[in-house]
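Colleague: If you want the building blocks of each chain, they are given just below.
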Amino acid sequence: NAGVMQNPRHLVRRRGQEARLRCSPMKGHSHVYWYRQLPEEGLKFMVYLQKENIIDESGMPKERFSAEFPKEGPSILRIQQVVRGDSAAYFCASTNPGTANEKLFFGSGTQLSVL
Amino acid sequence: GENVEQHPSTLSVQEGDSAVIKCTYSDSASNYFPWYKQELGKRPQLIIDIRSNVGEKKDQRIAVTLNKTAKHFSLHITETQPEDSAVYFCAASINDYKLSFGAGTTVTVRA
Chain B
1 NAGVMQNPRH
11 LVRRRGQEAR
21 LRCSPMKGHS
31 HVYWYRQLPE
41 EGLKFMVYLQ
51 KENIIDESGM
61 PKERFSAEFP
71 KEGPSILRIQ
81 QVVRGDSAAY
91 FCASTNPGTA
101 NEKLFFGSGT
111 QLSVL
Chain D
1 GENVEQHPST
11 LSVQEGDSAV
21 IKCTYSDSAS
31 NYFPWYKQEL
41 GKRPQLIIDI
51 RSNVGEKKDQ
61 RIAVTLNKTA
71 KHFSLHITET
81 QPEDSAVYFC
91 AASINDYKLS
101 FGAGTTVTVR
111 A
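Chains B and D are the protein sequences, given in the same order.
Be aware that the first sequence starts at 1, since it is given in my numbering, and climbs by one per residue.
Be aware that the second sequence starts at 1, since it is given in my numbering, and climbs by one per residue.
You may find that some hints are simply not true.
Covered stretches of chain B (chain D as the covering partner; in silico rule of three or more C-beta atoms under 8 angstroms from a C-beta of chain D) [unchecked claim]:
(1) 15-21
(2) 66-80
In silico EDC-like links for lysine to aspartate or glutamate, alpha-carbon gap of 20 angstroms or less [to be verified]:
(3) D:Lys71 to D:Glu39
(4) B:Lys103 to D:Glu15
(5) B:Lys44 to D:Glu2
(6) D:Lys57 to D:Glu15
(7) B:Lys44 to D:Asp84
(8) D:Lys22 to B:Glu40
(9) D:Lys57 to D:Asp96
(10) D:Lys57 to D:Glu39
(11) D:Lys57 to B:Glu102
(12) D:Lys42 to B:Glu72
(13) B:Lys62 to B:Glu102
(14) D:Lys42 to B:Glu40
(15) B:Lys44 to D:Glu39
(16) B:Lys51 to D:Asp96
(17) B:Lys44 to D:Asp96
Just so you know, these hints were derived from the structure itself, not from any lab.
The beta-carbon is built from N, C-alpha and C at its ideal position, and this holds for glycine as well.
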């Protein structure tokens with residue numbers, strides 16, 4: 001059981017570039033959640049996706065940020081034209097709804113650094 | 001939305017003593033309260049959780065209590081050990097996925 005896999009672990013981008021963060025859910029899980037953690041703060045919910053569908057994106061900035069979870073392949077969190085304030089750790093979690101008392105288990109995260 | 005306050009922000013305890021972290025929440029509809037432990041540079045790990053139909057839950061040296069009337073919940077770590085040193089986060093939610101986290105408590109266990 002490999003758990004939730006995220007890559008890359010570290011990503012460095014210059015201001016104005018694009019960042020793509022990938023998340024492969026646990027085997028058998030069809031729902032993915034993205035959270036962002038700023039330095040010395042708690043995690044903040046960004047978006048909840050199931051395959052080919054966004055369920056809840058209320059925590060995601062309206063501009064520059066997008067997320068997808070295609071039928072095949074990992075979930076992608078995309079940040080266009082990155083700014084220094086985007087520097088943070090981005091964590092992904094997955095579940096298999098329909099199972100009683102679902103709990104969120106996070107991946108190892110991607111540390112994004114914007115120069 | 002839900003607002004979770006967590007205290008203290010830092011906590012230093014002697015090995016073997018107990019540590020208590022307290023959190024309050026604002027949304028009376030919240031019914032799920034997990035606690036996460038995060039070591040430096042690592043993922044947050046779920047250590048214990050409680051649902052609103054339960055007042056207390058214990059797992060070895062860790063216990064969580066919930067007071068729905070007062071809208072606060074606490075984490076208790078007994079017989080602390082050096083490996084308990086980490087940042088601890090409380091969270092609250094009306095469902096299982098949209099967690100609102102506290103700002104964290106840095107716990108240091110002195111040998």
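Colleague: Tell me the hint numbers this structure goes against, listed in increasing order.
Modeller: 1, 2, 3, 4, 6, 7, 10, 12 and 13
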